[in-house]
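Chains as they are written, first to last, in UniProt numbering: chain A, 1 to 204; chain B, 1 to 204.
Don't read these hints as lab results, they were simulated from the structure.
Here the structure is a predicted model, which is why all the values come from computation and not from measurement.
Among the hints, erroneous ones may be present.
Pairs involving identical chains hold if they fit within one copy or between any two copies, as the list cannot separate such chains.
[Unchecked claim] Taking lysine-lysine and the DSS-like style, the derived pairs with C-alpha atoms no more than 27 Å apart in a straight line are: (1) Lys26 / Lys64; (2) Lys82 / Lys167; (3) Lys94 / Lys82; (4) Lys26 / Lys177; (5) Lys152 / Lys177; (6) Lys26 / Lys82; (7) Lys49 / Lys26; (8) Lys177 / Lys200; (9) Lys201 / Lys64; (10) Lys49 / Lys64; (11) Lys26 / Lys200; (12) Lys201 / Lys26; (13) Lys64 / Lys200; (14) Lys201 / Lys167; (15) Lys94 / Lys201; (16) Lys82 / Lys200; (17) Lys107 / Lys26; (18) Lys201 / Lys177; (19) Lys200 / Lys167; (20) Lys200 / Lys152; (21) Lys5 / Lys26.
Number of protein chains: 2
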Amino acid sequence: MSQGKARVISTELLSNSEAEWKRLVKTTYIGQDGVTRTWEHAERTTRPKGSDFDGVSVIAILEKDTGREILLEKQYRPPLDKICIELPAGLVDKGETAEQAAVRELKEETGYVAQALTTSPIMFNDPGFCNTNFKVVEVSVDMSLPENQNLKPELEENEFIEVFHVKLADLWDECVKWEAQGYALDARLASFAKGIQIAKKYGL
Amino acid sequence: MSQGKARVISTELLSNSEAEWKRLVKTTYIGQDGVTRTWEHAERTTRPKGSDFDGVSVIAILEKDTGREILLEKQYRPPLDKICIELPAGLVDKGETAEQAAVRELKEETGYVAQALTTSPIMFNDPGFCNTNFKVVEVSVDMSLPENQNLKPELEENEFIEVFHVKLADLWDECVKWEAQGYALDARLASFAKGIQIAKKYGL
């Protein structure tokens with residue numbers, strides 16, 4: 001298997017009829033002034049019927065002797081043609097709760113076995129652009145479990161994920177460094193990091 | 001002018017040829033295993049030529065006698081058919097810096113006159129779904145300026161934005177309450193709030 005740098009070869013416009021995973025939608029709506037207008041947005045085609053959310057992000061904080069560290073991933077993302085730094089995450093399967101999706105995705109992507117602790121409200125990624133959303137699930141990881149000492153991820157054949165962790169308290173400074181090194185930052189991770197930075201700045 | 005609740009009337013699939021503001025793209029790329037694959041994603045059509053970012057989010061913290069408060073907006077979002085709670089934000093105009101966009105958008109949407117303090121790295125909203133991104137600009141607001149005592153927003157004719165502020169330290173609890181009240185939460189705001197909550201939880 002050759003190991004090279006992932007990269008884009010070409011791009012083309014994609015019609016809704018050919019698209020399998022995404023679609024473009026035009027909404028006709030009445031604004032609060034009573035005027036009828038239209039709005040364009042993008043959607044996933046994968047949200048399970050009856051579900052009000054697409055996926056989950058996972059906050060897994062590892063309690064190490066040296067302090068708390070947060071579990072992160074590096075993954076090549078074709079839309080950006082960059083390696084992106086993100087929280088573990090994934091789309092929810094039909095019939096699955098957010099907590100089940102979080103525990104499953106964490107095991108598949110990182111090999112860590114965890115227990116769900118808290119689940120956030122639904123968060124919408126870019127409300128003027130798309131309707132895509134997710135819930136943030138905080139999980140606890142028992143480092144003494146054999147599975148968590150000998151990690152066995154279960155990645156898809158087209159998934160290449162590098163798992164790593166950094167000190168939670170340093171997360172914002174690390175984000176700034178990562179961008180300087182040429183990585184792309186996932187906004188859900190970077191906004192979370194910014195919240196930690198602001199909390200520290202103002203002694204909240 | 002009738003004042004009613006904004007709501008969706010109908011939705012339809014939108015082809016790229018008809019779409020003005022968004023488009024669907026198919027990327028052919030070589031993965032790090034050397035295998036050629038494709039990936040679908042959505043993009044804005046509005047990113048200024050030569051710009052590497054689409055827009056800005058604004059963190060405006062007001063220093064009140066009762067403590068620090070963060071400036072927020074409620075805005076009906078047709079893709080969600082909900083009123084969404086968000087940071088002030090907007091797309092960047094051609095030739096404008098992130099700081100200029102932030103100060104301009106804040107004045108237009110809220111009436112507040114501010115000065116840019118810090119600018120974040122680029123943050124990507126949903127890297128497997130789209131290439132859309134933004135920078136977070138922290139601004140300072142001098143409450144003693146006459147313009148900031150007698151606010152005059154400059155909204156577009158199809159923009160209806162309610163401006164308000166909440167205690168920065170309470171932001172996460174407020175997010176949880178807002179979802180219970182039926183509002184949608186913007187992920188950039190809610191992830192930021194989660195960071196504050198986690199920093200407080202772990203005494204960072």
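Give the relationship of Lys107 and Lys26 under a CA distance limit of 27 Å: within one copy only, between copies only, both, or neither.
neither (38 Å within a copy, 29 Å between copies)
Given a CA cutoff of 27 Å, do Lys5 and Lys26 count as a within-copy pair, a between-copy pair, both, or neither?
between (37 Å within a copy, 20 Å between copies)
What label fits Lys49 with Lys26 when the C-alpha limit is 27 Å: within, between, both, or neither?
both (20 Å within a copy, 25 Å between copies)
At most 27 Å between C-alpha atoms: does Lys200 with Lys167 qualify within a copy, between copies, both, or neither?
Both. Shortest intra-copy (14 Å) and inter-copy (16 Å) distances satisfy the 27 Å Cα cut-off.
What label fits Lys201 with Lys177 when the C-alpha limit is 27 Å: within, between, both, or neither?
both (19 Å within a copy, 25 Å between copies)
What label fits Lys26 with Lys82 when the C-alpha limit is 27 Å: within, between, both, or neither?
between (30 Å within a copy, 16 Å between copies)
Checking Lys26 and Lys64: alpha-carbon separation at most 27 Å within a copy, between copies, both or neither?
So Lys26 and Lys64 fail the 27 Å test inside a copy (49 Å) and across (42 Å) alike.
With identical chains treated as interchangeable, where does the CA-CA distance between Lys26 and Lys177 reach 27 Å or less: within a copy, between copies, both, or neither?
neither (39 Å within a copy, 31 Å between copies)
Taking 27 Å as the upper bound on the Cα-Cα distance, should Lys201 and Lys167 be classified as within, between, both, or neither?
both (17 Å within a copy, 15 Å between copies)
If the cutoff is 27 Å on CA atoms, where do Lys152 and Lys177 land: within, between, both or neither? Let me know, please.
neither (29 Å within a copy, 39 Å between copies)
At most 27 Å between C-alpha atoms: does Lys201 with Lys64 qualify within a copy, between copies, both, or neither?
both (24 Å within a copy, 17 Å between copies)
Go through the copies and call it for Lys26 and Lys200: within, between, both or neither, with a Cα cutoff of 27 Å.
neither (42 Å within a copy, 42 Å between copies)
Violated hints, listed in ascending order, are 1, 4, 5, 10, 11, 12, 15, 16, 17 and 20; each of the other numbered hints is respected by the structure.
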